[in-house]
Amino acid sequence: MTEWPLLNLIIWTPIIGGFLVLFASDQNRLNPRPIALGVALITFFASLLLYTGFDTSTANMQFESNHSWISAFNINYHIGIDGISLPLIILTTFTTVLVVLSSWKVIQTKPGQYMAAFLIMEGLMVGVFSALDAMLFYVFWEGMLIPMFLIIGIWGGPNRVYATIKFFLYTFLGSVFMLIALIYMYNKAGSFEVLDFHTLKLGMTEQILIFIAFLLAFAVKVPMWPVHTWLPDAHVQAPTGGSVILAAIMLKIGGYGFLRFSLPIAPDASRELDWLIIFMSLVAVVYIGFVALVQSDMKKLIAYSSIAHMGFVTLGFFLVFPIMENAAGMDGAVMGMEGGMIQMVSHGFISGALFLCVGVLYDRMHSREIGDYGGVVNTMPVFAAFMVFFAMANSGLPGTSGFVGEFMVILASFKANFWFAFLAATTLILGAAYSLWMVKRVVFGDIDNEAVAKLEDATTRETLVLGTLAVAVLALGLWPAPLEEVMRATIENLVTVITTSKL
Amino acid sequence: MIIEANEFRLLIPELFVLTMTCIVLIVDLFLKQQQRNITYYLSQATLLGAILLTTVLQVEGTQTGFSGTFVTDPMSVVLKLAIYLVTILGFLYSRHYLELRGLFKGEFYVLGLFSVLGMMIMVSAHNMLTIYLGLELLSLCLYALVAFNRDTYACSEAAMKYFVLGAIASGMLLYGISIIYGITGSLDIAEIGRVLSANTGSSTPAVFGLIFIVVGIAFKLGAVPFHMWLPDVYQGAPTPVTLMIGSAPKIAAFALVMRLLVESMGSLQEEWQSMLTILVVLSLAIGNIVAIAQTNLKRMLAYSTISHVGFLLLGIIAGTANGYAASMFYSITYALMAAGAFGMIILLSRAGFEADNIDDFKGLNQRHPWYAFMMLILMFSMAGVPPTVGFYAKLNVLQAIIQQDMVWLAGIAVFFSVIGAYYYIRIIKVMYFDDAKDTQPVTSQFDLGFGLTINSLAVLALGFFPGWLLAICNTSIQLK
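Line by line, the protein sequences are chains L and G. Per numbering that gives the first Met the number 0, numbering of the first sequence is gapless, rising by one per residue and ending at 502. Per numbering that gives the first Met the number 0, numbering of the second sequence is gapless, rising by one per residue and ending at 479.
Same shape as in the complex, but just chain G (with noise of 0.2 Å):
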């Protein structure tokens, strides 16, 4: 194998990030306590400059490298943007909080870190071991993160329960993996295209593998019924952990669908359709009828995550450039969204009180106005109201959708989304509607009040003019 130096510039990025979440951890080991704020700092340099290389160093079209195993084009780009972007939110989110539960240690950022890096990974894999390379790396970082707090019994049953099920998704999908491998003889995502496109005889072997990929991609989705771990997990993580969970691996898992079912096997395509159908609608039904019983916040949301999922894979389903525009534009937003919804949790949470139970928002409203204003913004959102972006989201998605004659399916989507909509006006009606339990003024750290403003606005202000994401997305998957 030979190595062209030119090669290593389409890896400068995760080069970067690489390095600098090694001298994070070191530098971190000669801090002291109240030196901390320094691996902040760095950490959210890292992703600063990540975003700077990533954006210089953009190539014109596709280009792979390192015999094939990696490869940078539009997609990519848009989506190790927008990874960075929500983990800049979930570490500025989750500063004080960590502060004010002795959680602020520098393991947090450099797993936090790996986990960007592994997405990165993700993202850019287009090899079928370069891809579950980086699923396991931004896995295990998640599994220890969700351990952070390990002397509370919630973490410890979330992380076991989440590593278990984990290990169990990616044994699924290397055995998958190991199948098509089998079959077509390559692990390269172009190459496998090629055999499975070109082969005239029996589908079943593939298809046999592709059952085991699907389901390890459901699994790590949380798509129904592969869904259990995901509401536990929510719930028992540390919230800014769940805040990490909940929104950035959701754009990697959407480029972990791409790479294996769409472009891999893509001739395939009748055969995912039908399974991802019937996961979808699971997805949406569940997930949307679940959520109106939970008094939790987390544990809605991770239902919700459910629904969302649905969504997302619907775009999938349409098997169509619009639809895989619609999916990635999809995959984006609801990592916009998600971040600002935890981001609220964490900042009605105090020292010693966590405020991830819907009645914890009650009166929000007249405690403090602009955040309840806020919350409104992300809830209609996510209910997918115009004029917030959720509602872009879903139009595009169900257009590409009907626009392959499946207007059953879309009028399933709707109606559960109708559903939906109820658990959402619910956390808008305890905030307006009903009285605050809660009498200690809400109080905010300027840094996390501002983010979350500029990202719930950044969900309004999409939603008026959606038209550039729409853009950069359409183009960035025509032009694979």
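For reference, chain L alone in the conformation it holds in the complex (with noise of 0.2 Å):
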């Protein structure tokens, strides 16, 4: 198996596909749809293989490729996966899939383009998961940002050109000065490999200015308070596919970007700025905890309630440095860290259910808020129980995956201190009541208006699309132990070198 290219054909097959299916809706004859949601199959399957071929008890990278691609420069096409990326690569191939059959009919004009933008964009996004080339993840990671431009701007809502060219602009500020970093260590290390960064002996002054270049794109994408504001903006006029897509893959790569970047690379940095992310992503798990709270938009509110579940995710990475101060171990910091990971995945599948939740509801009436609604659940019983079920995940109800990562979270912050253990708790009452509240307002209580009336329950796609959902939100939360297991190693030896100072 490792002979095959498995992770080339993961990453070009969408790509490659995408420009097919551009070019098959020029032709009215061929419908793109059933060719896209081929590709979206054949790339997910092709990425359980990896799962399957996966050896857990290494940290080193699996199923590399490395081919000399930019000589002058030392670049080279070289990718390959650890514990950290696989999880991540398969939430991408799965979602793609999803959000390919939820668009199924809402997109009317020029499903083909729609269809290609989703596809080229999950190769990229594996592209920038697989990348081990600093410059390669840096083409990816750019490269990503045109077919999410096109997506939230052809497809999206009224107020779309303003919250595309934001979305753009914003990540794009953020990503070229993480350029000059990169730049600058290469200019250190001779060649852009990720791997011989992680090793490279930087100075105290030199890690700051990286940590800090480095934050700057990974904070927008995450987002962190309080770079956050593009998120409900893009959020909102973005067609479901495109939140999908936003909620459940794009946030985390940065995520991904901390720990494949920031935490190895400037390790004494992040220990000597551990208290601004933690700051930072406690802030965004309250207050932006309580914006979500007055949302009138049903997309808003998730879109805030993202950001809050984000900031656990940083919050866990960040634990590793007090945690390692008092001494508790480096069986805290590794909870901490997996409790991260947990939730980068767990809240990819929620957040992305959430969405289509939404645009279930959207397609239907045209509305995104809340005030609109009332009494779903008299007239589409089967797509409340979802709509209610999701919602409690997304507060984090146990027996879900939204429970698993914010609990390890809790724990491990209790090891570091106990007032960030206090505020991260409040998430489970602040999750809980803008979740539940919100549920209560759409889909309880008697039928509000005609337009209710008229509902109809979801459709055999839509609840196969919400019913995949639903049992990968269970499964993880029953039994996340093949999860742990596939990062188990990865985290322990990242835990190690992070805490190894480079000065």
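None of these hints come from the bench; they were simulated from the model. Everything numeric in this text was worked out from a predicted model, so none of it was measured. A few of these clues could be false.
Computed cross-link-like contacts, BS3-like style, restricted to lysine-lysine with a CA-CA straight-line distance of at most 30 Å [claimed, not checked]:
| # | chain 1 | residue 1 | chain 2 | residue 2 |
| --- | --- | --- | --- | --- |
| 1 | G | K104 | G | K160 |
| 2 | L | K200 | L | K501 |
| 3 | G | K361 | L | K104 |
| 4 | G | K361 | L | K109 |
| 5 | L | K299 | L | K109 |
| 6 | L | K453 | L | K299 |
| 7 | L | K104 | G | K436 |
| 8 | L | K299 | L | K165 |
| 9 | L | K187 | L | K200 |
| 10 | L | K165 | L | K104 |
| 11 | G | K361 | L | K165 |
| 12 | G | K31 | G | K104 |
| 13 | G | K104 | L | K109 |
| 14 | L | K439 | L | K299 |
| 15 | G | K436 | G | K361 |
| 16 | L | K104 | L | K501 |
| 17 | L | K165 | L | K109 |
| 18 | G | K436 | L | K165 |
Got two chains here, each in a separate frame; can you build the complex from them with the hints?
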């Protein structure tokens, strides 16, 4: 199996398939939808082969392939995966299948271009998660902006142009400074190999500057308070599929960046500035939680809830340092980081599912205002069951995946500082408050108006999409062990790397 | 002065272009308007022949001839080839546009070819006077070309402005050259370099001359604060002429900078570095910020040129072989992108209609998705977003500059390119997100559409595989 270029296949099948779909739409006789679904399914099954062939006992890169690409700069086409990229890659391929399915009927204008954009983006995102050459990473990372820019701009809501330009410029500004940091390290290390950067000796000032450059790029992507303001706009204006990809995967790329770049490349700066990240994360958890509470637009509410949940991710990652300072041992640090990772995957499922739920309602009523709904359960019982379930998962109900990650991070933060844990735990109240209150107003109660009375329940296709996600959420909630097992070795290694000073 | 026969070997491409241009001029006299295509094909054949000759006759290493006034080195070969290619694209795009406007005349091609000859001389000049000769040949042809549509007010105004300011710039340059001649007693580039670096006394007189030379160069390149002519000329000139001003001459200008600043005044590097730094920062700032306010695409591209010139000079500031190679790469790829962008304006224009407003691109994705996609590639490339070649051009320059520990300058450059990204993506916004105002179907002649497709796909393909061009630029600079 290792002889087969499986990873290349997963990156390039959707990209090439995407371009084919682009052409298919030009001649009207070819329907782009089944082709796109086929490509997405092939990619998904190929990514499952990655899982079965993955060796969980080692932190080394697997499924590697390395070719010289731009020899003048010693840039290689070097890809490979370890325990932190594998779950995210599978999440990406899984979500793309659902996105293609969910847009089957809704997208009537230029469906070929729409499907093509999502497929190309899938390939680019897998590329981001598997690139081991910093320049390759950067190319995928920036390339990803182009399809997303078009998706929001072409198929988005009324204020889409503002939202998409804001999204583009925000992320572009963040990442150009990362580019400078990468070039700086290239001049030191003589190559763009990420793994070489991990062992590169750097002074404290250098590390801090590099850390800040990375922080600008990744914090915008995650997004962390206070650079989160593009997200609610982008989410509200994006079409359902765009919101799902944004929430489920694009945000994770920020978190992944911290694990792959910031922490191992600038460990001393990370230790020095851990208070900053922890502070920003806790603000996201608490303050953004309150902001979510007052939203009247469902998508905006979920967008803010995403920011709050992603706060847990960054909190989990940077708890390592206070825990190690308390000499609480490696286990706590590993737990925090694993919690962050599980939270990323779980949030991918849950937020994706919630956006799909809103999409189902929006397709029928063309409104995202909570006030326009009420009593949906009377006309759409099956759908209502799903929506309630995902809202519960979003608030961290035990038994769902939402619980596992949050619980692990809260446990780990106890080992760091009681007050961290106290503040982080407010999410259990806030999350429940905004999720369930939204459900109460939208789903329960008497039928509010005629439009709701005319609603039809979820179609088979919608039920299939939501049902698949529900199974995933439950499975991960009840039995997270396989996921933990995949990333255990990598994360233990990572904790050792980042607690070793580079000075 | 004894000229040996084999010295003419170095000059064969130039002689060929000169002869052919004269032939085109004469043949054209005897052609009826219906037969004008012959002029066009002859001109293209001239350029193809020049490509062939330049490739076949390239020499090992550096060879000078005619008492050191003329040089052939790997850099000049690469730059000349790029100039021919971009000019071929320019001629290809302009034919139908000129036909529709009654401008399809032999003079366009004769002047165009003479400007190519001027650029070839600039690229291969090894003497201050040869440089000046080439530069003036180029400029005079361009002045005349800008006024080509002489009955329109905008054209005449642009030509006048270009001519007056261009003449001032030439005067500055010539004055600077005369001062340097006074100090060193030579016009030969290598000799000037030797004398200046052996100079142990005060460098003030040389710096005085240098200032004028830098000003002259900045005028010709259009670097802020010597950029005033550029937007008006770009907007006023007929689009094919704008294409010819905006693309290949940037490659020749790079050679000008190399010969004048790097080769002859390398010992004054610190001085011109600090002068160029100011020009670069201003160009990046003014170019990118003012471009945002433009509604005319040609004018917007003019300001974008100013900012690209900033990036081009950034590589020179690095002052290393790496940096020069990066600038060289930048100039070639920029010429390619600019040719494509102006070509797109030509493509959307019809008889009696100029598509030079940004609004004219509205809804292009509905009218013709393929060309919209081509323009998308070009715009993202100009903005420097991977996977297009514009990204590697910027990466290259930034790498060179960071290597010299000028991280702050790199920071400024990327900051302004983020601002610049806004106006490029605005073009994409109007093409993809807005509804078409113009309902006329997009029709294009096969050769024009095909050329543009190749041009844009080349920008994308070079983005996937920039390695070979990078390597060519690197080796041709290092072999100097």
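Here is how each hint holds up against the structure:
{"no.": "1", "hint": "K104(G) / K160(G)", "result": "holds, 24 Å"}
{"no.": "2", "hint": "K200(L) / K501(L)", "result": "holds, 5 Å"}
{"no.": "3", "hint": "K361(G) / K104(L)", "result": "holds, 27 Å"}
{"no.": "4", "hint": "K361(G) / K109(L)", "result": "holds, 17 Å"}
{"no.": "5", "hint": "K299(L) / K109(L)", "result": "holds, 26 Å"}
{"no.": "6", "hint": "K453(L) / K299(L)", "result": "holds, 25 Å"}
{"no.": "7", "hint": "K104(L) / K436(G)", "result": "holds, 28 Å"}
{"no.": "8", "hint": "K299(L) / K165(L)", "result": "holds, 16 Å"}
{"no.": "9", "hint": "K187(L) / K200(L)", "result": "holds, 9 Å"}
{"no.": "10", "hint": "K165(L) / K104(L)", "result": "holds, 29 Å"}
{"no.": "11", "hint": "K361(G) / K165(L)", "result": "holds, 20 Å"}
{"no.": "12", "hint": "K31(G) / K104(G)", "result": "holds, 10 Å"}
{"no.": "13", "hint": "K104(G) / K109(L)", "result": "violated, 43 Å"}
{"no.": "14", "hint": "K439(L) / K299(L)", "result": "holds, 17 Å"}
{"no.": "15", "hint": "K436(G) / K361(G)", "result": "holds, 6 Å"}
{"no.": "16", "hint": "K104(L) / K501(L)", "result": "violated, 54 Å"}
{"no.": "17", "hint": "K165(L) / K109(L)", "result": "holds, 24 Å"}
{"no.": "18", "hint": "K436(G) / K165(L)", "result": "holds, 25 Å"}
Checked against the numbered hints listed earlier, the structure breaks hints 13 and 16; every other hint is satisfied.
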